[in-house]
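Peer 1: Sequence:
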Amino acid sequence: MGDPALSRRGFLAASAAAGLGMTALTACGGDSDGGSSGTTTIEWWNISTTEPSKTVWAALARKFEAQNPKVKIKIVQMENDAYKSKMTALTASGKLPDIFHTWGGGVLKQQVDAGLVENLTDSTKPWGEALLPVAKEPYLIDDQVYGIPFDIGMIGFWYNKALFEKAGIAEPPTTWDGFLDAVRKLKAAEVTPLALAGKEKWPGMYYWAYLAMRTAGAEALQKAYDDKDFTGAPFVQAGDHLKELVGLQPFQKGFLGAAYSTPTGQAATVGNGKAAMELMGQWAPTVQADAGKGLGKDLGFFPFPAVEGGAGAITEVFGGGGGHALRRGAPQEAVDFLKFFASEATDLELVKKTGVLPVVPAAERAIADPNIKAVQAQLKAATGFQLYLDQAYAPAVGQEVNDSVAALIAGSKSPGQVAQSITKTAKEEQ
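Counting along the sequence shown from 1, when you hit position 333 you're at 379 in our numbering, and nothing is skipped either side.
Be aware that a few hints might be false.
[What the hints assert, rightly or not] Ranges between beta-carbon positions, derived for each pair:
1) Gly303 to Lys141: 15 to 25 Å
2) Ala112 to Ser460: 56 to 66 Å
3) Ala423 to Gly303: 32 to 42 Å
4) Asp273 to Ala420: 29 to 39 Å
5) Leu294 to Ala208: 15 to 25 Å
6) Thr429 to Pro98: 54 to 64 Å
7) Ala208 to Pro309: 13 to 23 Å
8) Leu294 to Gly161: 47 to 57 Å
9) Pro115 to Glu183: 27 to 37 Å
If you are wondering where the hints come from, they were derived from the structure by calculation, not from laboratory data. Ideal Cβ placement from N, Cα and C applies to all residues, glycine included.
Working from the sequences, and respecting the hints, build out all of it.
Peer 2: As structure tokens, this is what we get:
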């Protein structure tokens, strides 16, 4: 996926667009005391800033250190958007952390094309082949392995069963028209239908991406990117459907300035029972409980509805997972950490304590939450899969998708203008 090699100047331009100058860069990379203790320090950048993942991951780092006394893991954790911006700047500098979070796709491809990422094909083969194939796909570039997954999942609607009952909604909707009817019923019952982190843009992108999949079909999204043309009728129709939803005023008060995981953000609004639904990934329950109270048994999950007359199917899934990649030239100890993190023992701990979906088949037995089981069932039955657009596409194109959809939701762009803006950026991307 993605375009051919991205020049260093292209990365610098992307960094400037993100508002980060070269002064924002810090030194990264492994370090060794060499002369005295012989300890190797591995820098590990991730986005696990919410509980319980933050504590669990720190404990895993300490466990690895205990097993490898001459290795020190230095953890750097950042919130999603801050991490993306920082990584754009670090990529421009040509120096990435030893171990870093990646979603794969076009962003990883550009880092690979710039010669900044370690090829893991040979070094991980003895144990990497045992991981779930669908989980590994986002990190395969030209049939070579450049990342190791620790999670896999999908985006769908997380909903409050009690609020649905209050509004007289017997079952989750399976069609877009049915979904809009549910929104109207919730509003009539004086319940906020949806929570949205409008400030962060990527949560809004999920709506347009899914609607595009449902109207055009999953394969059409990659074809549009390859052809550099998103102006086809189904993509404009996706915007029309989203505009219709926005017209119902379904989101919480102040949603355009709301973040995702803050105490007053999207996850907390749902977790505290202040909104009936959010469109989010498999991590939603843990973030709802960390940022708010959590819904417990009142929390349910359903897939994004089908669009009547669309070419897509409700079994086509939008989502992805998380993985780790290494900077080119990272020490062997970094590879050892990836092996440790992808082991059955670690995956069992992650599944039990953080609610992720397993990438090691044997760890599936640890899934206890019925909602997480529902997500996995949807994944297993999937007839198509599309990686997050802001990761599947080159960074500039992915960012334009997020920006344009956010403008549509805010009322400053029409559905046709969204399609034209994304097309324009795709054509300019070199």
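Peer 1: None of the hints should be skipped; say for each whether it holds.
Peer 2: Hint check:
1. Gly303 to Lys141: 15 to 25 Å: violated (34 Å)
2. Ala112 to Ser460: 56 to 66 Å: holds (58 Å)
3. Ala423 to Gly303: 32 to 42 Å: holds (36 Å)
4. Asp273 to Ala420: 29 to 39 Å: Once the Cβ atoms are compared, 35 Å apart, the range 29 to 39 Å for Ala420 and Asp273 holds.
5. Leu294 to Ala208: 15 to 25 Å: holds (21 Å)
6. Thr429 to Pro98: 54 to 64 Å: Given a distance of about 33 Å, which is not inside 54 to 64 Å, the answer is violated.
7. Ala208 to Pro309: 13 to 23 Å: Given range 13 to 23 Å: holds, Cβ gap about 22 Å.
8. Leu294 to Gly161: 47 to 57 Å: holds (49 Å)
9. Pro115 to Glu183: 27 to 37 Å: The hinted range 27 to 37 Å holds for Pro115 and Glu183, with Cβ atoms some 36 Å apart.
The structure is inconsistent with the numbered hints 1 and 6, although it conforms to all the rest.
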